[in-house]
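**Student:** If you want the building blocks of each chain, they are given just below.
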Amino acid sequence: MNMANSQPGSMMTNTLGKAASQQMSREVTVSAQDVKVYYGDTQAIKGINLDIYRNEVIAFIGPSGCGKSTFLRVLNRMNDTIDGCRVEGKVTLDGEDIYDKSLDVVLLRARVGMVFQKPNPFPKSIFENIAYGPRLHGLASSKTDLEGIVESSLKRAGLWNEVKDRLDQPGTGLSGGQQQRLCIARTIAVSPEMILMDEPCSALDPIATAKVEELISELSREYTIAIVTHSMQQAARVSHRTAYFHLGDLIEVNATDKVFTQPEHELTEAYITGRFG
Amino acid sequence: MGRFPQGRHSSAQFDDELNSIHSHLLEMGRLAMQQVQRATTALTTGDLTLASRVLFDEAQVDRLEKIIDEECALVLARRQPAAGDLRMLIAASKGVADLERVGDEAAKLASMAEDNVRSGTSVAPYTMLHQLSVPVLALLERSLEALSRFDLQLAVEVTVDRRYRDVLGELLAKWPKVADRGAMIDLIWALRSLERVGDHARNLSEQAIFCISGKDIRHLSRDQLMDLLPGVSVP
Amino acid sequence: MTNWMLVAVLLGVMAVAYHLGLTRSRVMARAGNARRAAMHSRPGYYGALVALWCGLPAFLVFAVWNIAEPSLIRNAVVTMLSSEAGTMTSQQVGIAMQRIESIASGFGVAGDVTPVEAAAAAEMARLQAIGFYTKIALVMAIVLGGLVFAYRRIKPDFRARNHVEQIVRIAMFLASGVAILTTVGIVLSMVSETLRFFSFVSPLDFFFGTVWDPRFSTTGAAGGGYGILPLLSGTLLVSVVAMTVAVPVGLMTAIFLAEYATPRFRSIAKPVIEVLAGIPTIVYGVFALIVVGPFFSSVGAAIGLEIRATSALTAGFVMGIMLIPFISSLSDDIITQVPRSLRDASMGLGATRSETIRRVVLPAALPGVVGAVLLAASRAIGETMIVVLAAGNSPVLQGNPFEAVSTVTVTIVNQLTGDQDFASPQSLVAFALGLTLFVITLGLNVVALYIVRKYREQYD
Ligand SMILES: Nc1ncnc2c1ncn2[C@@H]1O[C@H](COP(=O)(O)OP(=O)(O)OP(=O)(O)O)[C@@H](O)[C@H]1O
Ligand SMILES: [Mg+2]
Numbered sequence: 001m002n003m004a005n006s007q008p009g010s011m012m013t014n015t016l017g018k019a020a021s022q023q024m025s026r027e028v029t030v031s032a033q034d035v036k037v038y039y040g041d042t043q044a045i046k047g048i049n050l051d052i053y054r055n056e057v058i059a060f061i062g063p064s065g066c067g068k069s070t071f072l073r074v075l076n077r078m079n080d081t082i083d084g085c086r087v088e089g090k091v092t093l094d095g096e097d098i099y100d101k102s103l104d105v106v107l108l109r110a111r112v113g114m115v116f117q118k119p120n121p122f123p124k125s126i127f128e129n130i131a132y133g134p135r136l137h138g139l140a141s142s143k144t145d146l147e148g149i150v151e152s153s154l155k156r157a158g159l160w161n162e163v164k165d166r167l168d169q170p171g172t173g174l175s176g177g178q179q180q181r182l183c184i185a186r187t188i189a190v191s192p193e194m195i196l197m198d199e200p201c202s203a204l205d206p207i208a209t210a211k212v213e214e215l216i217s218e219l220s221r222e223y224t225i226a227i228v229t230h231s232m233q234q235a236a237r238v239s240h241r242t243a244y245f246h247l248g249d250l251i252e253v254n255a256t257d258k259v260f261t262q263p264e265h266e267l268t269e270a271y272i273t274g275r276f277g
Numbered sequence: 001m002g003r004f005p006q007g008r009h010s011s012a013q014f015d016d017e018l019n020s021i022h023s024h025l026l027e028m029g030r031l032a033m034q035q036v037q038r039a040t041t042a043l044t045t046g047d048l049t050l051a052s053r054v055l056f057d058e059a060q061v062d063r064l065e066k067i068i069d070e071e072c073a074l075v076l077a078r079r080q081p082a083a084g085d086l087r088m089l090i091a092a093s094k095g096v097a098d099l100e101r102v103g104d105e106a107a108k109l110a111s112m113a114e115d116n117v118r119s120g121t122s123v124a125p126y127t128m129l130h131q132l133s134v135p136v137l138a139l140l141e142r143s144l145e146a147l148s149r150f151d152l153q154l155a156v157e158v159t160v161d162r163r164y165r166d167v168l169g170e171l172l173a174k175w176p177k178v179a180d181r182g183a184m185i186d187l188i189w190a191l192r193s194l195e196r197v198g199d200h201a202r203n204l205s206e207q208a209i210f211c212i213s214g215k216d217i218r219h220l221s222r223d224q225l226m227d228l229l230p231g232v233s234v235p
Numbered sequence: 001m002t003n004w005m006l007v008a009v010l011l012g013v014m015a016v017a018y019h020l021g022l023t024r025s026r027v028m029a030r031a032g033n034a035r036r037a038a039m040h041s042r043p044g045y046y047g048a049l050v051a052l053w054c055g056l057p058a059f060l061v062f063a064v065w066n067i068a069e070p071s072l073i074r075n076a077v078v079t080m081l082s083s084e085a086g087t088m089t090s091q092q093v094g095i096a097m098q099r100i101e102s103i104a105s106g107f108g109v110a111g112d113v114t115p116v117e118a119a120a121a122a123e124m125a126r127l128q129a130i131g132f133y134t135k136i137a138l139v140m141a142i143v144l145g146g147l148v149f150a151y152r153r154i155k156p157d158f159r160a161r162n163h164v165e166q167i168v169r170i171a172m173f174l175a176s177g178v179a180i181l182t183t184v185g186i187v188l189s190m191v192s193e194t195l196r197f198f199s200f201v202s203p204l205d206f207f208f209g210t211v212w213d214p215r216f217s218t219t220g221a222a223g224g225g226y227g228i229l230p231l232l233s234g235t236l237l238v239s240v241v242a243m244t245v246a247v248p249v250g251l252m253t254a255i256f257l258a259e260y261a262t263p264r265f266r267s268i269a270k271p272v273i274e275v276l277a278g279i280p281t282i283v284y285g286v287f288a289l290i291v292v293g294p295f296f297s298s299v300g301a302a303i304g305l306e307i308r309a310t311s312a313l314t315a316g317f318v319m320g321i322m323l324i325p326f327i328s329s330l331s332d333d334i335i336t337q338v339p340r341s342l343r344d345a346s347m348g349l350g351a352t353r354s355e356t357i358r359r360v361v362l363p364a365a366l367p368g369v370v371g372a373v374l375l376a377a378s379r380a381i382g383e384t385m386i387v388v389l390a391a392g393n394s395p396v397l398q399g400n401p402f403e404a405v406s407t408v409t410v411t412i413v414n415q416l417t418g419d420q421d422f423a424s425p426q427s428l429v430a431f432a433l434g435l436t437l438f439v440i441t442l443g444l445n446v447v448a449l450y451i452v453r454k455y456r457e458q459y460d
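Residue numbers (the working numbering), protein chains in the order written: chain A, 1 to 277; chain X, 1 to 235; chain U, 1 to 460.
Just so you know, the hints here were simulated from the structure itself, not pulled from any lab data.
Built from N, CA and C at the ideal position, the CB exists for glycine as well.
Misleading hints may appear alongside valid ones.
What the hints assert, rightly or not - Okay, derived cross-link-like pairs now, BS3-like style, lysine-lysine, Cα gap no bigger than 25 Å in a straight line:
| hint | chain 1 | residue 1 | chain 2 | residue 2 |
| --- | --- | --- | --- | --- |
| 1 | A | 46 | A | 90 |
| 2 | A | 118 | A | 101 |
| 3 | A | 36 | A | 46 |
| 4 | X | 215 | A | 258 |
| 5 | X | 94 | A | 258 |
| 6 | A | 118 | U | 454 |
| 7 | U | 270 | A | 124 |
| 8 | X | 66 | X | 94 |
Stated by the list, open to error - So these bits of chain U aren't anywhere near chain A, every CB distance computed over 10 Å:
| hint | residue |
| --- | --- |
| 9 | 10 |
| 10 | 16 |
| 11 | 70 |
| 12 | 135 |
| 13 | 145 |
| 14 | 225 |
| 15 | 355 |
| 16 | 364 |
| 17 | 427 |
Please take these sequences and the hints and turn them into a complete structure.
**Tutor:** Right, here's the structure in full:
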């Protein structure tokens, strides 16, 4: 976890990293078995089996309302916060059942961080935004320790140079793209194993999007990342594998390169070529 | 419209663009085929007008090549096509190159015919060209047919069809006595050109297969081919 | 009675005028050939404009006439009276006029009717009759004039819609003017009365005096102490007690409702709590006087504290209960306004629900909650009925909540009830007190609204 300084020339290392991690030993981090999710009486997820491997970037794509966000929230139990939401089936993180009664949700969420669609920094200073998680979990023993965490998180999120002189200013005063990277930094600050991102770039302009995508590729060396996106290009650019969801079913999971050139299922093909509906 | 096996896009404009590329490609294919046919006839009959006609129409083939390339680039830029659409574009822009070469071969034959007429060379030895041009043109036609109907079976049959090569072998085996050395070389060149046309026709089918199934079957053995394309009978 | 008939006729005429305008513009629209098409506005606008032209000026004249007529007639009669019965004091004139009016209206009076009175009454009735017919004639003339004028203006290129819009705009402006002018009027009259009070008592004595003891005097002079400080301290004491009850309870209610309660519970509990706000304050007052006060004093007796039944504590406590829904429902709105995305962010980082509330929701909602508290405070300061009944009315400068106190509002009530000359300083002081109260609550409201508004902008 101490690769604080991101390396330059990442365009090249990206493609290498992508290829490398595909060949890398496929160690399963998260395993979902027959997961079903209900909102009240309506079923949003209809029995999904999916393994997610360590240090891969997996993209969830699919038409609106097909359950991508719902499934993503299954993975860190954010669904618990929604009234009337019920999850069935088994989900393990490193072999541990995360829906087990004895499991502490607080610790789970520290291990599986989440970045949301709309940048949502707290109305606090930039420093406080990052320090929030570490304080919560008592990760820093002293003030200098905390400052160290804040700095390294911001550096890893590629935001340090842009904000280092105004750490005490409100996080809400940053640009949209910076806010989103701040949120990513805030997530990394608690040293998660996995990061869930729900359409992290949908509110950003192309440049900010490119920066976040770049960041995702960087982060995939240390973290497992699951990302929901509506941009086919984004999925194609950042992910190693792509999962296509359709009406609560997982239709197809495959290497991204394959999904975008020769998808196996005709529904996938119809969706990614824009023939849906 | 709706010619594509996958059905229509949400964007009708996108459909139009792809359809346009497809039909331009077929148009170019038929034109190239016609060119080869006419050039062969010109060569075997010593028809000067037909030869110059072919040379004149060569510009038309080149124009279509440019149009298709431009259309492909535009669709790539505008639509970021994926999967079947992407393969169709790649196949089209590669197929266009093959067809353009076919056109070139036709032009070569035509200018040979022109030269022969000008220099008063006898057309008699050239009549043997027909024996090769018939299977080659048939192959090209089937290839275009496969492309036009997205017919995977037909395309596979075309790619493995090497009978024209056998014909060429037979022709070379019972090679006639030709007094004029220059004419003999010309004749060999002409046969060679037709053979190339056959090769391009097969290439075109390979592109059709990629477009339809997403499988790259170039440089594969027959067995590998059968493995890769289950459900298709390979003759 | 007859006035109402006139109004009814006017309305009828307006309806007819509307129809005339409507039909005429339709006819015109049909007559116009297809290219130089139709009318500028829809037919309804022409109808409305004709109706307005026909009705509005007439109504205005009618209203002015009705306001002016009585005093004109009265003047005429008074002139006649004084020429016949010699000079009278204004009081005598008033009494005489009342009798004459009664006679003229055929209502009859007690006692004998003098010839002078009878003559005056007859004259009055005559004038009234003349006035009535002239009024009808005038109004009808104006109606017709307006009708013809507007009717003839209907042309294809006449912009009826714009005219109607203009009239509607002016009407809106006047309506809002009424509210504003009333407020200004109230404030001005309060200021002038207050200034009159300050001609009796110096502002220094009033604002900094520590003794409240206005003595009644028949001479119209100020006697005793007029210091406002004891009253302010009482107000403050009661308000502080009220806020100590209302703020924690209201706030916790709000947090519970917004964050923990199930939607079902919330949908029941919220209206129930809001009912508290709808209970008339006199009921709270009675409750305080009869139930809460004795309860406190017996509790005090039990633990060895001397607590008066009517005290700052009793009044403040009950007032606090009254303010709970005020704070809870405002704060609830504010807390639920904190975007879900912020909660999600916090929960996503592994915070528990209460950590999220403490560290994210409340800080974000704080300015708004402060605004809500200030609004509640300004209500507490202005609250009257509960303190009248339960605070004990003892205007003494002291800080013990167990003792009886008196507040500004209670004192205003005291000064104005009973037999008083409104021109005496004992009554006028009510205006000074009222104005002071007004300034204080206005200040609180302005600050509160400013804070609330600023908070609202935060998430846009
Ligand atoms: N809080 C909720 N309460 C009730 N139903 C919900 C809730 N959230 C989602 N759903 C339903 O569950 C289904 C899946 O929703 P979900 O948000 O997972 O879709 P999604 O794939 O993320 O869509 P999008 O791409 O639009 O974000 C939808 O039919 C939706 O209506
Ligand atoms: Mg979603």
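**Student:** Run the C-beta distances from residue 135 of chain U to all of chain A and say if the shortest one exceeds 10 Å.
**Tutor:** Non-interface label stands for residue 135 of chain U: nearest chain A Cβ at 66 Å, farther than 10 Å.
**Student:** Since residue 364 of chain U was said not to touch the interface, does its Cβ keep a gap of more than 10 Å from each Cβ of chain A?
**Tutor:** violated, 5 Å
**Student:** Next pair to validate is residue 36 of chain A with residue 46 of chain A; report whether the Cα-Cα distance is within 25 Å.
**Tutor:** holds, 5 Å
**Student:** Verify the proposed pairing of residue 118 of chain A with residue 101 of chain A, using a straight-line Cα cut of 25 Å.
**Tutor:** Answer violated: residue 118 of chain A to residue 101 of chain A is near 31 Å, above 25 Å.
**Student:** Is the nearest CB of chain A more than 10 Å from the CB of residue 10 of chain U?
**Tutor:** holds, 59 Å
**Student:** Hey, does residue 225 of chain U actually stay past 10 Å from chain A on C-beta?
**Tutor:** For residue 225 of chain U, whose nearest Cβ neighbour in chain A is about 51 Å away, the distance exceeds 10 Å, so it holds.
**Student:** Holds or violated: is the Cβ of residue 70 of chain U farther than 10 Å from all Cβ atoms of chain A?
**Tutor:** Check passes; 64 Å lies beyond 10 Å.
**Student:** Was residue 16 of chain U rightly flagged as not at the interface, with every chain A Cβ beyond 10 Å?
**Tutor:** holds, 58 Å
**Student:** Is residue 215 of chain X close enough to residue 258 of chain A, meaning Cα to Cα at most 25 Å?
**Tutor:** Roughly 11 Å between the alpha carbons, so the hint for residue 215 of chain X and residue 258 of chain A holds.
**Student:** Take a quick look at whether residue 118 of chain A and residue 454 of chain U sit within 25 Å of each other, Cα to Cα.
**Tutor:** holds, 22 Å
**Student:** Check the hint pairing residue 94 of chain X with residue 258 of chain A against an upper bound of 25 Å on the C-alpha distance.
**Tutor:** holds, 20 Å
**Student:** For the pair supplied as a hint, residue 46 of chain A and residue 90 of chain A, is the alpha-carbon distance within the 25 Å limit?
**Tutor:** holds, 13 Å
Hints 2, 7, 15, 16 from the list above are not met by this structure, while the remaining hints are.
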